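Take the sequences, apply the hints, and build the full model.
In full-length UniProt numbering, the protein residues as written are 1 to 1250.
Derived from the structure by calculation, the hints contain no laboratory data. For clarity, every value in this text was computed on a predicted model and none was experimentally measured. Cβ coordinates follow ideal geometry from the N, Cα and C atoms, glycine included. Mixed in with the good hints, there may be bad ones.
Claimed, not checked - Per label pair, the in silico range of CB-to-CB distance:
hint, residue 1, residue 2, range
1, E278, L1183, 50 to 56 Å
2, V471, Q622, 27 to 33 Å
3, P741, W782, 18 to 24 Å
Stated by the list, open to error - Capping the alpha-carbon separation at 25 Å, the derived lysine-lysine pairs in DSS-like fashion look like this:
hint, residue 1, residue 2
4, K895, K957
5, K535, K696
6, K1169, K825
7, K750, K701
8, K50, K808
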Amino acid sequence: MTDKLHIATWNVRGLGDTSRTFKQSRLKTWVHRQRVQVVLLQETKLDEPKIAQLARWWAGPQFWDPANGTRGGTAILIHREVELTVLDSRADIWGQWVWVKFRMHEQEWVIMSVYAPAVPGERRSFFAELPYIVPDAQNMVVAGDFNTVLHPGLDSPVQEERKADARLLLQFMAERDLTDTFRQMNPEDAGFTWFSNQLRDDQPMAKRRLDLILAKGVAWESTSEVQVATDSSSDHKPVSVLLRLESGVKREAGAFRLNTENLKNPAVLDWCKKHWEEWERTKDWFGSEEECTQLGFRIITRALDAFSRILAKGRNKEELDCIAQIEEAEDQMGRDPLTNIYWERRRVNGIKKLEGIQIGQQEVWARRAKERGMAQVDRMTKETFRRLCPPRSHNLIRALQHPFNAQADLAVSTADMCQYAADYYTDILTSRRPSGESLSDLQNQNELWQHTTGKLSQQQRLSLDRPLTLVELKEAIQKMARGKSPGDDGLPIEFFEATWEQVGPILLNLFNGVLEGGRLTKDMCRGVITLLYKKGDKLNVRNWRPISLLNVAYKILAKALSRRIGQYLTELVKSDQGAFVKGRSIAENLMVAMGMYRFSTATVLVNGRKFQEFALTRSLRQGCPLAPLLFVLQIEVVLNAATSNRVLKGLELREGVEVKTGAIADDLLLITEATSESMGAAKSILDQYSVLSEAKVNWDKSVYFLPEEFEVEDNWSMKRIRFNETERYLGLQVSLSNSRPAQDRILLSKVEARTKKCNSAMGLSLMGRAAVISTSIFSLIWHIAAVILISRATLKQIRRVAARYLWKPGEQEDTGFISKVSWDKVTQAKGEGGLGIVDPERQNVAMLGKWLQKISLQEEERNWMLILQYIPQHEFHLTRKEDVWLCIQMAAFLKRRPKSALGAAWCAAWSRLRPQLPVAPVLKEDILMQHLFENPNIMDSNGCSFEVSGAGNFGKKWIEKGVSRIKDLWDEGQRRWTSEVNLPRVLGRLREVGTRLGELLEAIPADWKAVLTKQDTKERGGWYKVEQQRANPTQVLRLEEKMEEGVWKVTLWEPLRGNMNGAKLRRISEETMNADQSLVAVRVCLQPGLRRGLEYVLIQGGAAILDLRLDPARYSWQYTGQNSKTLVDYDTKLGRRIQKPPEVSTIHICERLARTFNLQQIPSATEMKILWASLPYLPSLKLAGLLWLMSHSAVPSAKWLGDKGMDVQRQCLRCGNSQEESTFHLIWDCPPPSGYGDAGHTTGTVWVPP
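If you want it as structure tokens, here you go:
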């Protein structure tokens, strides 16, 4: 319940921002600083379209009255945290008043914003009609610019007779029992609210008290303070009134949080340095490293808290001095005619200085935005920055029900709500296991662990156990995100980064002591649980999301350990999750991490008040860098048990290969037969896991898919998803039927909603809007675009929404717009004349192409690969599963439309990306893997390749039967071609097998045949592994030179595991090898490195070339000039380039530009590209946007609009002559508007980009 209400009225003299005065953001900054909850505005000078653009500028309830042309305009803006229920509202059509009726504290209120006309006659009529305009209510506030003086001689410098309009206003006040709050509480203070901007040497400055707050009922009875503030944004001063209402829940101060701006102060850093130097000398006074470190950091926190308060006061001093100067001048004005001019000038100077300070404060947000990667926005005010970031809810918790006892009283005080929240989190975060029962005992009694056998090598265990280093801790800090909320010590990551020279060694000693059995400080082990509202009943604590705030010092250690553990995790986990192992395994090396949890505590923070600490003995700490790894390790036990259970039947992809489980964090996917035996086995495993982990499966929120013709005996309280329904899983809509329509609708609605949100970020240039489209709007669809093919109709609508925002921001969806430059052009790179917007359709296809790269590079054959292999194998009727990867490289199969949505998406995407340039084979293995069909190197007697389908072609049937590559026709044991007698065993009763075999063998190039028949096929520069090695060799070798008969010079290379897209190779040594050594060829490709040039990458973990799923070196794309790219080099940028539409000729653009500006010489394409490359470096990106439009001859002049078919007046109105308003006329002939000086005619200055 609100215990106070702060209301302010202000004639802002326009809320537009044509002169870069940041009026809107300065207004909100003033509201925030003064903690105003209801602000009444006059003279906004905003029409309906501009008000529509400001719809999201103010987050709370808002009521606007549009201006009458450029006159008037009123508004009532209510802060989002004020709890009220709006009952009614009205506004006039002349921009003079707006009122709102609402219910608050079980009482009705009316608040009205008034702008009385400046013309006396109109003002008298307005006051006469006022009683009939505003509804009566028990509690009223009528405030605004009344443009009249109620008490001449006090509200104005001159004593004169009260005017008729003032008498009408007083009559209205008497009828409605309204009190002039300022005059009643300050009977002798002039309280002038308006000062004229026009200074005359022969007359004193005009000043009046025109802005009033009239109150009635509780609004007057609870008034405790009325103030007239000073601000430079308008010639009117804001007036505010503070109402003390019923007391209720308040937000308490909460914990200290260091302002990172203070770290830029050298004195603060010097004090921290001296503190730690002196503290080191007191180390012997303490009994442990933990105690010493804890007290040292507590002193730091207290000191920085004091420093922050001092610095904050100092930052406001300059602004307060300006306000004091203005107020002093206003107080002295009119006292002495001889000094009046001096004080008037002093006031004007103070106003200008104050305005400069306030604008400078807004520009700080532009610098912060640049640090956050948003530098392409011209005017990044605090409000713009906030609008582009996701909103966060910080509402007070007003009341809570008891989490377990429905009969308990409702908690309405902060202390009671803290107790209820703590009861709930203590229950779910405290172990219920009996004190005498250990996890080891349960492990020995349970069979859940027996199927998890992953282990680390001795070298890996020693690597995990080694002491931490300063380098590791520093790298951990560099990987941690900035701008995150710290723990209750208030020290963010920026503090540790700025003082690392001092705190680094201290933390290192403490952390290494922990590795040897010591403990962290109590402060480091404590987490603060703060609550953010999600959805549903606010009285239920379960509907508030718990966010755990951990001290950064703890997170540094957790991050360093997680980086250590993470490098070995991929060797222990299976394709469906991560691993927890028993015996001498990674579990032993995680004892330190688990020890950190053993001493962990938590406290609940409600409305700024912290409850007493309690021990964490169950679950993981949200926000801890170690938590995801620990969860992955323990959930692996469940997945391994399910995979190994023979009663639980999953999806059988082929003999001996079943898919049963999959998991992403706590989202578990289980695939099982709908039989009581199989489902019972799954339920048993999950029940055992619940006992061991004390984590419950939420069956009420679980769902299952089952075809309509089947039923289950027991659904475990899960919801069934019917055939035509969809369910969201990991952000994707899943269905038994086609889920794409539902997914497309959701995507489009998200894009439209985000675009509306971005429309509220005012002042973005064309370049800024282009950046927002790529980074904010289109980012919503990339998660889905990486998995499914979005329909072209949906992508067309998404492009239209983005184009409307680019060319006509703020307009409604049904409003037409003109694309000044084609979409294909704006989606080109900036250096090529575009705006760098990523086209969603081309990006969608490019992202799907990444899966083919993963298939060709990754070592492990994962479940998704098996499923993607399983579906086309059945739809293409293939005998061999491995032929799936061959078929997707053939045009004939890509033209087929599989029945499954997944298969159809892949075929449609890869048909647009398929590389066309075959790479000439070198090794014998390369030749054996060559396709027999659709191979430009294997031609028949007519010079044509053997096609897969069509009249007279036999390729389709042969591929389906399992004869697709040269190796299928070659008998390596006999070193000869297979005979006609053996093929029918594979091909069955197909006709003319012998004839067609002869045609194929005849078409194979002679040099290939020669390589196949060679005794020794090893080639210089080839990569091999020893035949006796495992599937994933520990070493590979490269043949460098044949030194003499029977001896090869080789280099040995070690694969560095852990890279998802192939293992990078590191050279070990150089040796010699006997030429008769049995070797197996492997595929190694060159790949651009991150820190150096090209690096060698081992493909599919060192699998033999003959066993590769998809050879990334088989085909390539033409890139630039003579350069080509293979699947190893593939990325989404290359994928978009492959689909690139025909470019708009730069020469054509140059010729059109010459015609538009009557240039005697046509600019060259090189000059135009230099211009485009220079635009991002211009001081103003609005100017850059204008120059970009000019370069494309797309400046929307009247002539340009008329040529596009719009009915506009073609004569130039700005200069008042009869010339046609063309781009050439606006730039060269039309004089600049007043106020711009000679900016448009400056000569002799050349701007050179950096």
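Structure-based check of each hint:
In this structure the hint that E278 and L1183 lie 50 to 56 Å apart at CB holds, the actual value being about 54 Å. The supplied range of 27 to 33 Å is met by V471 and Q622, whose beta-carbon atoms lie about 29 Å from each other. A C-beta distance of roughly 20 Å is found between P741 and W782, which places it inside the suggested range of 18 to 24 Å. Restraint check for K895 and K957: the C-alpha separation of about 16 Å stays at or below 25 Å, so the hint holds.
Using a Cα cut-off of 25 Å, the hinted pair K535 and K696 holds, with the two alpha carbons roughly 22 Å apart. Straight-line distance between C-alpha atoms of K1169 and K825 comes to about 14 Å, which keeps the hinted pair within the 25 Å bound. At roughly 24 Å between alpha-carbon atoms, K750 and K701 fall within 25 Å of each other, so this suggested pair holds. Simply put, K50 and K808 have alpha-carbon atoms about 13 Å apart, close enough for the 25 Å limit, and the pair holds.
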